[in-house]
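From just these sequences and the hints, can you work out the full model?
For the protein sequence lines, the chains are A and B, in the order given. Here the first sequence stands for residues 214 to 342, where the numbers follow the working numbering. Here the second sequence stands for residues 37 to 215, where the numbers follow the working numbering.
Quick caveat, the hints were computed from the structure, so don't treat them as lab data. For clarity, every value in this text was computed on a predicted model and none was experimentally measured. Yeah, the Cβ is synthetic: ideal placement off N, Cα and C, and Gly gets one too. Do not take every clue at face value.
[As the list claims (entries may be wrong)] Some, not all, of what chain A presents toward chain B, calculated at C-beta under 8 Å:
#, residue
1, T240
2, R264
3, V266
4, N291
5, L307
6, E320
7, V322
8, T328
[As the list claims (entries may be wrong)] Anything over 10 Å on all C-beta distances counts as not near chain B; from chain A, calculated:
#, residue
9, P217
10, S277
11, L281
12, L290
13, N294
14, S296
These are the residues of each chain, in order.
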Amino acid sequence: MTTPSIWAATAMIACVVLSSTVGEVLTAAAMKSIGDLDDIRAHSGIKGAIRAVVTCPLFFAGVSFLALAFFALLFALNHLNLSLVAPASASLTLVTNAIAGKIFLKENVDSRRWTAAILVCIGVYFLAH
Amino acid sequence: MPHPWRSFIAARGGNLEPKPSNRHPIPTRMIHHNLSPRQYMILGLVALCAPLGDSCLSRGMTTLPAISLTHPGALIAAVFTPWIALGIALLIGFFASYLTALSWADLTFVLPATAFGNVIVALFARFWLHEAISLERWAGIALITVGVGFVAQGPSLTERPSPAAASLPAAEVEEAQPR
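As structure tokens, then:
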């Protein structure tokens, strides 16, 4: 296996992180638009809750991007070492999700959440080494 | 008849954070988490099912002979082996719990709060499988634990007013604020 250049490695990890972030944000937006699943299940049963999820187009958009992220991860693992891809993608996704959550989902990402995201990000990096 | 959102603001002393701006005209505020034991259980399932499911898939796939793309049928057959079937069941449980958690908590709360699963898997590897854990990994465990503690003590959801409340004139919202 030839070692890809640093740019190719960066591009592969960036694809994983971007597609994963888009998928997570779309899925979160879909679940917020559906409402509390516990309430829906209490009123309409488990079938009603499943129906509410599977009839939401945003949910399928999110799942499509998550599937894309999975295949991008498989592709990256085919060319790069697991010890690089797994911690890099897991840590960076936490930070990009915090940024995307603030911008697109209008979540109130306060200093506590930023600190937690960065601590967990560094922690995952250490743990995977 | 006063609008419910106006009453809500008045009852809370009219303290809206962050303050409405031109960029974000709809006021949002953080709801301090008051998660029920069931909701904690769902967060726990998210944290546990994903790493355990991945571990089962990894264990199942390593015990199988190498699968070539020229024989894709072997991949289908792999799905019915016990470890891989268990891994898939755990990942289905993870996704269902994850979707439920996202329906009542922010994405930026759920992701760090459920990262504790990485720590559980590392501790599981240390004390059950007797694997060695380096100083670097212990540092990682400590950082994740502190990070999860930080986010778990904070609010779980950014509350937004209903569309009807959002359409209230700014003057009416100001009216509800204390003098």
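Each hint tested on the structure:
1. T240: Constraint on T240/A satisfied, holds at 7 Å.
2. R264: Violated, about 13 Å.
3. V266: Where the cut-off is 8 Å and the nearest Cβ of chain B is about 6 Å from V266/A, the hint holds.
4. N291: violated, 11 Å
5. L307: Status holds, d = 6 Å.
6. E320: holds, 5 Å
7. V322: holds, 5 Å
8. T328: holds, 5 Å
9. P217: It holds; P217/A is separated from chain B by about 21 Å at its closest Cβ, greater than 10 Å.
10. S277: holds, 14 Å
11. L281: Check passes; 16 Å lies beyond 10 Å.
12. L290: Non-interface label on L290/A holds, nearest chain B Cβ at 12 Å vs cutoff 10 Å.
13. N294: About 16 Å separates N294/A from the closest Cβ of chain B, which puts it past 10 Å; holds.
14. S296: Given that every Cβ of chain B is farther than 10 Å from that of S296/A, nearest at about 12 Å, it holds.
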